[in-house]
Amino acid sequence: MNNDQTQPLEYSTEQNNLNILGFWIFIGAEIMLFATLFASYFLLENRTGGGPAGEEIFTISPVMLETFILLTSSFTIGLGVHAMRLGRQKAMQVFFTVTLLLGLAFIGLEIYEFTHYVHEGAALQTSGFTSILLTTLGTHGAHVTFGLFWGLFILIQIKKRGLTPETTNKSFIFSLYWHFLDVVWIFIFSFVYLKGMM
Amino acid sequence: MKELFPRKQLLGFVSSLILTIVALLVYFLDFSFTVGLTILLITAFTQAALQLVVFMHAGETKDRGAIYTNIYYGIIIALLTIFGSLLALAWGYV
Amino acid sequence: MEFFERFAIPHPSPAIYASMVAIGLTVIAIIVGLTYFKKWGYLWREWITTVDHKRIGIMYLISALLMLFRGGVDAIMMRAQLAVPENTLLDSQHYNEIFSTHGVVMIIFMAMPFIIALMNYIVPLQIGARDVAFPRLNALSFWLFFMGAMLFNISFVIGGSPDAGWTSYFPLAGNEFSKSVGTNYYMIAIQIAGLGTLMTGINFIATILKMRAPGMTLMKMPMFTWSALITNIIIVFAFPVLTVALAMGTMDRLFATHFFTTGNGGMDMLWANLFWVWGHPEVYILILPAFGVYSEVIPTFARRNLYGYRSMVWSMVIICLLSFLVWVHHFFTMGQGALVNSIFSITTMAIAVPTGIKIFNWLFTLWKGKIRITTPMLYSLLFIPIFTIGGVTGVMLAMSAADYQYHNTMFLVAHFHLVIIPGVVFAMLAGLTYWWPKMFGFMLNERIGKWAAWLIGIGTCVAFFPMFISGLDGQARRMFTYSEATGFGIWNMIAFFGAIMLAVGFVLIVYNIYYSTRYASRDIPADPWDARSLEWATHSPVPEYNFAITPDVNSRDAFWNHKKNNQKLFKGDYQEIHMPNNSGVPFIMSALFFVFGFAMVFSVWILAIISAIGIFACMGHRSLEKDHGHHLSVDHIKETEEKLGGANS
Numbered sequence: 001m002n003n004d005q006t007q008p009l010e011y012s013t014e015q016n017n018l019n020i021l022g023f024w025i026f027i028g029a030e031i032m033l034f035a036t037l038f039a040s041y042f043l044l045e046n047r048t049g050g051g052p053a054g055e056e057i058f059t060i061s062p063v064m065l066e067t068f069i070l071l072t073s074s075f076t077i078g079l080g081v082h083a084m085r086l087g088r089q090k091a092m093q094v095f096f097t098v099t100l101l102l103g104l105a106f107i108g109l110e111i112y113e114f115t116h117y118v119h120e121g122a123a124l125q126t127s128g129f130t131s132i133l134l135t136t137l138g139t140h141g142a143h144v145t146f147g148l149f150w151g152l153f154i155l156i157q158i159k160k161r162g163l164t165p166e167t168t169n170k171s172f173i174f175s176l177y178w179h180f181l182d183v184v185w186i187f188i189f190s191f192v193y194l195k196g197m198m
Numbered sequence: 001m002k003e004l005f006p007r008k009q010l011l012g013f014v015s016s017l018i019l020t021i022v023a024l025l026v027y028f029l030d031f032s033f034t035v036g037l038t039i040l041l042i043t044a045f046t047q048a049a050l051q052l053v054v055f056m057h058a059g060e061t062k063d064r065g066a067i068y069t070n071i072y073y074g075i076i077i078a079l080l081t082i083f084g085s086l087l088a089l090a091w092g093y094v
Numbered sequence: 001m002e003f004f005e006r007f008a009i010p011h012p013s014p015a016i017y018a019s020m021v022a023i024g025l026t027v028i029a030i031i032v033g034l035t036y037f038k039k040w041g042y043l044w045r046e047w048i049t050t051v052d053h054k055r056i057g058i059m060y061l062i063s064a065l066l067m068l069f070r071g072g073v074d075a076i077m078m079r080a081q082l083a084v085p086e087n088t089l090l091d092s093q094h095y096n097e098i099f100s101t102h103g104v105v106m107i108i109f110m111a112m113p114f115i116i117a118l119m120n121y122i123v124p125l126q127i128g129a130r131d132v133a134f135p136r137l138n139a140l141s142f143w144l145f146f147m148g149a150m151l152f153n154i155s156f157v158i159g160g161s162p163d164a165g166w167t168s169y170f171p172l173a174g175n176e177f178s179k180s181v182g183t184n185y186y187m188i189a190i191q192i193a194g195l196g197t198l199m200t201g202i203n204f205i206a207t208i209l210k211m212r213a214p215g216m217t218l219m220k221m222p223m224f225t226w227s228a229l230i231t232n233i234i235i236v237f238a239f240p241v242l243t244v245a246l247a248m249g250t251m252d253r254l255f256a257t258h259f260f261t262t263g264n265g266g267m268d269m270l271w272a273n274l275f276w277v278w279g280h281p282e283v284y285i286l287i288l289p290a291f292g293v294y295s296e297v298i299p300t301f302a303r304r305n306l307y308g309y310r311s312m313v314w315s316m317v318i319i320c321l322l323s324f325l326v327w328v329h330h331f332f333t334m335g336q337g338a339l340v341n342s343i344f345s346i347t348t349m350a351i352a353v354p355t356g357i358k359i360f361n362w363l364f365t366l367w368k369g370k371i372r373i374t375t376p377m378l379y380s381l382l383f384i385p386i387f388t389i390g391g392v393t394g395v396m397l398a399m400s401a402a403d404y405q406y407h408n409t410m411f412l413v414a415h416f417h418l419v420i421i422p423g424v425v426f427a428m429l430a431g432l433t434y435w436w437p438k439m440f441g442f443m444l445n446e447r448i449g450k451w452a453a454w455l456i457g458i459g460t461c462v463a464f465f466p467m468f469i470s471g472l473d474g475q476a477r478r479m480f481t482y483s484e485a486t487g488f489g490i491w492n493m494i495a496f497f498g499a500i501m502l503a504v505g506f507v508l509i510v511y512n513i514y515y516s517t518r519y520a521s522r523d524i525p526a527d528p529w530d531a532r533s534l535e536w537a538t539h540s541p542v543p544e545y546n547f548a549i550t551p552d553v554n555s556r557d558a559f560w561n562h563k564k565n566n567q568k569l570f571k572g573d574y575q576e577i578h579m580p581n582n583s584g585v586p587f588i589m590s591a592l593f594f595v596f597g598f599a600m601v602f603s604v605w606i607l608a609i610i611s612a613i614g615i616f617a618c619m620g621h622r623s624l625e626k627d628h629g630h631h632l633s634v635d636h637i638k639e640t641e642e643k644l645g646g647a648n649s
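Chains as they are written, first to last, in my numbering: chain A, 1 to 198; chain B, 1 to 94; chain C, 1 to 649.
If you're looking for bench data, these hints aren't it; they were derived computationally from the structure.
Incorrect hints may have been included.
[What the hints assert, rightly or not] Straight-line Cα separation of at most 25 Å, PhoX-like style, residue types lysine-lysine; simulated pairs: (1) C:Lys210 / C:Lys643; (2) C:Lys563 / C:Lys626; (3) C:Lys563 / A:Lys159; (4) C:Lys563 / A:Lys90; (5) B:Lys62 / C:Lys643; (6) C:Lys220 / C:Lys571; (7) C:Lys370 / C:Lys563; (8) A:Lys160 / C:Lys626; (9) C:Lys571 / C:Lys626; (10) A:Lys90 / B:Lys62; (11) C:Lys220 / C:Lys38; (12) C:Lys210 / B:Lys62; (13) A:Lys195 / A:Lys90.
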C-alpha cells in the first residue's frame, strides 16, 4: 500500500481515495432519494383528506431548535475534521462526541415533535399529506439515527487504534455523511416547514 | 490547511446562521408567497453550496471534476424530477 | 395452525402443486449431491465467500440464465393460452400472475444480472485493473440481487404470486384489489435486489473513473467500458427513485398509509409517475451495455476500428441526460393536458436521435470491413434491422395524440419486445458467445450457435410482428382470452409459433453449452477471435490477479497495436500483487435480508426485527473488522504465469 505523505491521512492510500469518491457518488444517489421524497411531498402537500393541514400542526419553536442544533453539529464535526488533520486526536474525539450528542438531542426533539403530531390527529395513516410528511421527516431522522451508531463505532476505533489512514478515512467519510444530512435538513426546514407556515 | 484556528469553519458556521435567520424572516414577517419562496430558494441553495464547499471539501483533490460533475448532475436530475412530476401531475393536469 | 394459513396459495392449481414438488425435489437433490461429492467446503471457499469480480460475474451469469428460463416458461404459457380464442389452458387469475412475473423476472432478474455479469467480468479486464474498487461490496451486490430474486421466485409456491402487472399500478396493486401477499413480494423482493444494483452502480463508477491502466484516458476507453460507465451513472441516479416508490408502496400495503390510495388524499397516479421516473432510465440501463457489446463485436469481426468513437461517446452522454426527461410518455392517456404531452412527445422523439447515430456508426463500421460471420457477429447483424423496426414503432408511440390509439394494445407489446429482445437479449447472447472463451477457456460450438441465432432471430420476428396488426385491430394487452369474432386468432397463432421457435433457440443454446463443455478443445489461444481490447491480452481463463504486469496503454486499440504494430504493452518486471480477502459476511447479510424480506411479506414482525438486528450486526462487524487483504508473492505469480504459458508481452 503506497502512502502519500503530502496528503492528509484520509487521502493517503489508493483505497482511501476510492472510498471517498465512492461515497460522493453515494451522496449523488441520496440526492435523488430525497428529491423523490420532495417531489412526492409537493404533490401530496395539499391532499389532506379529512386530516389537518401543515399550518395547523407545525409549530416554529421545536423546528427552530432542531435547525440550530443540526447546524451546530455540522460545525462541530467540521472542527473535528480540522483537528484530525492537525493530528490532534483528543480534540477530534471531543468534537465528534459533541456532534453525536447534538445529533441525539435532535432525534429527541424529533420524537417529541412526532408525538405532538400524532396527538394533534396527524398520524402516519391519517392522509396523503401526513403519510408523506412523516415519511420524509422519518427518512431524514432514520439517517441521523444510523449516523449516531456509525459515529459511535468510529469513535471506538479512533480510541483503540489512533489516527491511522483507515480511521481518518472513515471519519472523513462520516463527516461527509453528516454534512449532507444537514443540507437535507436545510431543504426540509425551508420547503416543508417555512413554506408550510408562510 | 495547517493553521490551528479554524477560520474557514467558523466563517461557514456564522454565514449559515445568518442565512437561517434570513430564512426565518419569512415566518416572522409578512411577505407575499412569491417573495417568501424566492427568499427560501436563495437561502437554501446558498447554504447547501456553503456546506458543500466549506465543510465537505468538495474541491480539495484531483477528483474534484468527478465530484462536482456528480453533484451538479444529481441536482439537475433532482430538479427535473421534482418539476417534471409537478408539471405532469399538478400544473399540467387540466 | 392459523399462523400457517397465510403461507397457503390463494389460487392453487395442479401445475403449482407439481412445481412445489419439483422445487422440493431439486433442493433435496442439490443438498444430497453436494454432501455426497463433499463439495460444501469448495462451494463456500471458492464461490460463496469470493470477492473476485470474475467469479461474481459468473455467478451473475448463471443466475441470469436460470431466470431466463423462468421468464421464458411464463412467456410460453402466455402465448399458448392466447394461441386460440376462448382458450381455457389458464384462467384469468393465473394469466395475471404469469404476465406479472414474466415482466419482473425478465427485466429485473434476467436482463439486469446479465448485463451486470458481463460488466463484472469484462470491465476490470478492459481497463487493466486487478479488481473493482470495492470487491467486498461487489459480493454484497450479487448476494442481495440473488436473495431478492429467490424471494421473488418463491412467491408462486408460498403465499401467491404478484398479479398486478410488472408495473404494479395502484390502486390495482393496493390492498383492496390485490388481496394476496403477491404484491408484497413484488415490493420487497425488488427493493432488496435494487439495493444490490445501486451498490453495483457506485462500485463501477469508482472503478472506471479511478482504476484505469496508466495511459488510458477516458477517450481511450473501450466502448463497452464507456457504456458501462454511463449505465452505472444512470443506475445511481434512477434506482433511488424506485427505492422510495417501493418503500411507499410497501407502507401503503403493510401500514395503511395513504400515498397511492384513492381516498384520504392519496394519489394513485403518483405511483405511475415515480415508477416511470425510474422505469424509463431503466430501459437505457439495459440497452446501453448492449450497445457496448455490439460496439466491441462489430469492429472485431469487421476487422476495422469503430467508426465515430467520439459521436458514440457523446450520444451516450446525451442519452444519460435525456433518459430522465421522457418518462411521461408511458402514461400519455392518464389525463394531463396537451402541453405536458407535447413536451414529453418532443423529448421522446429527441432521444431517438442519439440512438440513430449509433446505428449509423455501426453501419459505417461494417462498410468496407472484412466481415467474418461468427455467432456474435450474426446476432449483431440480426440486431440492426429488427431493432430499427422496434425503434421506429417507438417513435410512432411517442406521438402523444396517436398514442391514444396504440396505448395498452398489443402494438405496444410488439414495440417493446422488438426493442428489448434484439437490443438486450441478442447482445447478451452475442457477448456471452464472444467472451465465453475468456471466461471458461474453450469456445462454444459455432454451428449450433448459428442455428440458435437464426432460430432466435426469426422467432423474434414471427412472434412479435403479428402483434402490430392485432394491436392496431384493437387487441388489448393483458387480456387472458378473446372471442373468435375478433379475428385475433390467426395472429396469435402465428405469434405462438414464433414463441416456440424462440424456445427451441434457447434450448439449443443450453445444448451448446453442454456440448461444448464436453467436446470443445481446451487448447485455444488467449485471443481466439483476433480481437482489439485489453481483456484479450491476458490468459484464458483469466488468473485471479488478471494481469501479471499492469498494461501500459497509449492508444484506443492498445492491444491491437501491440499485436500488429509491435507496441509494448507490458513493461517492467513482476511485482508483489495486493489482493482482497474473501469474506462470508456479504452472503450472511444478504441471507438475513432474505429472512427480513420474507418476514415483511407475511407481516411476521418478530422475525423481521430479529433479522434487521442481524443485518445491522453485520454492518457493525464490518466497521470494526481489520481487513488488509493479502499479497501474492513474485514467485507465485511467476509460477502461475509459466503454467499458463508465460506472459505474452
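Verification of the hints:
1. C:Lys210 / C:Lys643: Given pair Lys210 (chain C), Lys643 (chain C) is violated - Cα atoms ~31 Å apart, limit 25 Å.
2. C:Lys563 / C:Lys626: Outside the cut-off at roughly 43 Å; violated.
3. C:Lys563 / A:Lys159: Between Lys563 (chain C) and Lys159 (chain A) the Cα gap is close to 55 Å, so the pair fails against 25 Å, i.e. violated.
4. C:Lys563 / A:Lys90: 58 Å, violated
5. B:Lys62 / C:Lys643: Distance ~41 Å between Lys62 (chain B) and Lys643 (chain C) Cα, so the pair is violated.
6. C:Lys220 / C:Lys571: 19 Å, holds
7. C:Lys370 / C:Lys563: 18 Å, holds
8. A:Lys160 / C:Lys626: 12 Å, holds
9. C:Lys571 / C:Lys626: 34 Å, violated
10. A:Lys90 / B:Lys62: 30 Å, violated
11. C:Lys220 / C:Lys38: 47 Å, violated
12. C:Lys210 / B:Lys62: Roughly 11 Å separates the two Cα atoms, so the pair holds.
13. A:Lys195 / A:Lys90: With a Cα-Cα distance of about 42 Å, the restraint between Lys195 (chain A) and Lys90 (chain A) is violated, given a limit of 25 Å.
Against the hints set out earlier in the document, violations occur for numbers 1, 2, 3, 4, 5, 9, 10, 11 and 13.
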